[in-house]
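J.: Make the full structure from the sequences, and use the hints.
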Amino acid sequence: MNDAFNHPQSVVVLGGTSEIGHAVVSRLVADRCRTIVLAGRDRAALELAADGFRTAGAEVVEVVDIDVVGTDRAEDAVAACFAAAGGQVDLVLITLGLLGDSQADAMNEERIAATLAVNFSWPAVAMASAARRLRDQGSGRIVVFSSVAGVRIRAANFIYGAAKSGLDGFALGLGETLRGSGVLVQVVRPGFVHTKMTAGLRPAPFAVDPNAVARAVVTGMARNQAVIWVPSILRWVFAALRLLPQAVWRRLPG
Amino acid sequence: MSQGTSDPAPNAGSEGRQLLSGWGRTAPSAGTVLAPSDVHALEELVAAPRPRGCPSSAVIARGLGRSYGDAAQCAGGVVINTARFSTIGPIDITGTVEVGAGVSLDDLISVSLPAGWLIAVTPGTRQVTVGGAIAADVHGKNHHCDGSFCSYVTSLTLVTPAGTHTVSAESDPELFWATAGGMGLTGVIVKATLQLKPVETAWLEVDTERFDDLDATMTAMRDTDDGYRYSVAWLDCTRRGTHLGRSVVTWGNHAPKDALSPGMHEHALKPPGKPRLRVPFMPPGGPVNPVTMRVFNEMWFRKAPRIRRRSLESLSSFFHPLDAVADWNLLYGKGGFVQHQLVVPQQHADVIGTAVGMMAESGIPSSMAVLKRFGPGDPGPLSFPIEGWTLALDFPAKLPGLPDLLDRLDVLVADAGGRIYLAKDSRLRPELLHTMYPRLGDLEAVRDRVDPDRVLQSDLSRRLDIGRRCAA
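Taken in sequence, the protein lines are chains X and F.
For the first sequence, the residue numbers in my numbering are 1 to 254.
For the second sequence, the residue numbers in my numbering are 1001 to 1472.
Rather than coming from a laboratory, the hints here were simulated on the basis of the structure.
Bear in mind that the values here come from a model prediction, so they are computed numbers and not experimental data.
Please note: incorrect hints may appear among the correct ones.
From the structure, some residues in chain X lie toward chain F, with a derived Cβ separation under 8 Å [unchecked claim]:
#1 3
#2 137
#3 181
Listing some non-contacts, in silico: residues in chain X with all C-beta distances to chain F over 10 Å [unchecked claim]:
#4 29
#5 43
#6 101
#7 198
#8 199
#9 236
#10 240
Restraint ranges, calculated between C-beta atoms of paired labels, are given here [stated by the list, open to error]:
#11 1325(F) x 70(X): 54 to 60 Å
#12 241(X) x 1327(F): 41 to 47 Å
#13 107(X) x 1408(F): 44 to 50 Å
Note that beta-carbon positions come from the ideal geometry of N, C-alpha and C, so glycine has one too.
T.: This is the structure in structure tokens:
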């Protein structure tokens, strides 16, 4: 169950190899989370992370293989995760994501479809499936990772950005339908985060590391913020950037 | 913390899926609220608790929703609203009365007081039900003399998955005492017979004195408590340095009729009125913050007399000052609040000072702090009071650093052989529960008998893993 400070006792991570996901879960374990289900594609990486959480004090750590290509399998994956948790799930953390190379893939229908599946359609269907289960439970929350790349889309990563934009809107809409059900949906909009996904890229202004993201997420959960910007200043930066004429936006570096 | 709206006290007729939270308005969850009208309907519910559309088979009772945390909610399960168990029987000449579990202490006092009878133990509010008072084994300002609520319960009737039982401390001590303070985990209480105490008036003779620090406060309480039926200290925890733990101590005894002026005799047994004030709207941030807390505490201290003897106070102003505002919990705003009550044994009285010091050091003052001496506890394995000192603290839930401070206080208290009050808990580390309540096994033994499938569950029991080893 969640406690008065919204510390969950059990968490399912969709995207269980994500560095940001690991940073969040590490903090949750310190705050008394005891059941962890890591779902992802890289079994060896999942097992390694699971061992780390066991050492940190988690009692039940399970690993679930998921295939994020066909959305028809998303429901099965979520069912497997809830079964692995073996009871109440307090938090579903959705950290799936693949940056891709929008410039190179722009004319490649197959690559576009794959990027949209990983970043939008699969997590959206999985989110709805998790939401139904949490609603039946009568409590719980979903924290889904969007990105500032979806707030105003730029050419450099427009496929990823468009998918995140869709996921962001889907999550906010789903959250509205769940009002009064005891289930909360929260969207995290990080800026540039130093991870293996962004390795080799030139950091954007206000870049942060995964620990800073985790700190912001845990605070945002305590406060029930519908949208968590990381760092928080990006809320105001993007309020301004959204208003820039396209001709100026196009010329911004990065 | 609260999300959306939640009704702490659904009306008798209000049934269906509802978002519920405790009085602190944190960690809400949705359950199916049902208000059975008689014992038979309740028995059916508890025996086969899965009405259509209800995903979980868990059941818990809820009275007026005054426990602060998640004791009277059951995510995904059935929440039994006891409001229809509302009869108050005749009071016999020895002062015993049979009352429905859904009767509020307010209603009971309104009926009994004009006849010269008062409940033997009253908590800080009249807005709790008899069932809730038993399930939390509530205490009052007279604990050092009279013990807690369940010591005045001569029998109770409980609907369990294994049938309906009417028990007393003599007929079935295990079930009776597991229910006393058992947080509803042994069954749904439907009625109880209470032993009332006679009073000549609805007034108290009160002595008040201010003290400049915690040591002086505790010494005064230890030395003079025995001369009074009631005693309590309000502590100012917003101060640092030499004024840390300055206090206003009040002691009281029931006023005999001849203490009242002749003009008051006619109203000597007038019951308390209904609350007249409401919080007009929910302030978004809540007016309770560190600055207003300091101002409030300063005013409270200054308005108290340095010393005053034998002033007359009405029952409600002495026992239930917060009842004057019907929904004072809204003053903490959307984030809700956490109440934390700890007790440490007599020989570890120093922990109280350490705790107050830790709060001051961490810059997280309690908006309201109440100190009281407990007499010996009763045999309930989950009953909170033990002989020693108890400290009750209120905090806005969103104060940064609060979760960590309370975790550290818990370790200190557990190491001293103390415990925290489950009716107020909303955040204890489950690992500490067995240290704080070493006789938890006695409760589980009783549940093996009356609820082997562990149908009776609350968000609190799940959060603290009470009885998980046998959970269905």
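J.: All hints, please: hold or fail.
T.: Do the hints match the structure? See the list:
1. Annotation: residue 3(X) was flagged as interfacial toward chain F, and the flag holds, the nearest CB pair being 4 Å apart, inside 8 Å.
2. A least Cβ separation of about 5 Å between residue 137(X) and chain F falls short of the 8 Å threshold, and the interface hint therefore holds.
3. For residue 181(X), the shortest C-beta to C-beta distance to chain F is roughly 6 Å, which falls under 8 Å, so the interface hint holds.
4. Against the 10 Å criterion, residue 29(X) stays outside the reach of chain F, whose nearest CB is about 13 Å from its own CB.
5. Taking the minimum C-beta to C-beta distance to chain F, about 30 Å, the non-interface status of residue 43(X) holds against the 10 Å cut.
6. With a least CB separation of 40 Å from chain F, residue 101(X) remains clear of the 10 Å interface cut-off, as annotated.
7. The Cβ of residue 198(X) lies farther than 10 Å from every Cβ of chain F, with a closest approach of about 30 Å, so its non-interface assignment holds.
8. At roughly 33 Å, the least C-beta separation between residue 199(X) and chain F is larger than 10 Å, which holds for a residue marked as non-interface.
9. No beta-carbon of chain F comes within 10 Å of the beta-carbon of residue 236(X); the shortest separation is about 20 Å.
10. Residue-level check passed: residue 240(X) sits 25 Å from the nearest beta carbon of chain F, beyond 10 Å.
11. Separated by about 57 Å at the C-beta atoms, residue 1325(F) and residue 70(X) satisfy the suggested range of 54 to 60 Å.
12. A C-beta distance of roughly 43 Å is found between residue 241(X) and residue 1327(F), which places it inside the suggested range of 41 to 47 Å.
13. Between residue 107(X) and residue 1408(F) the beta carbons are some 59 Å apart, a value that contradicts the proposed interval 44 to 50 Å.
Hint 13 from the earlier list is the only one contradicted by this structure; the remaining hints agree with it.
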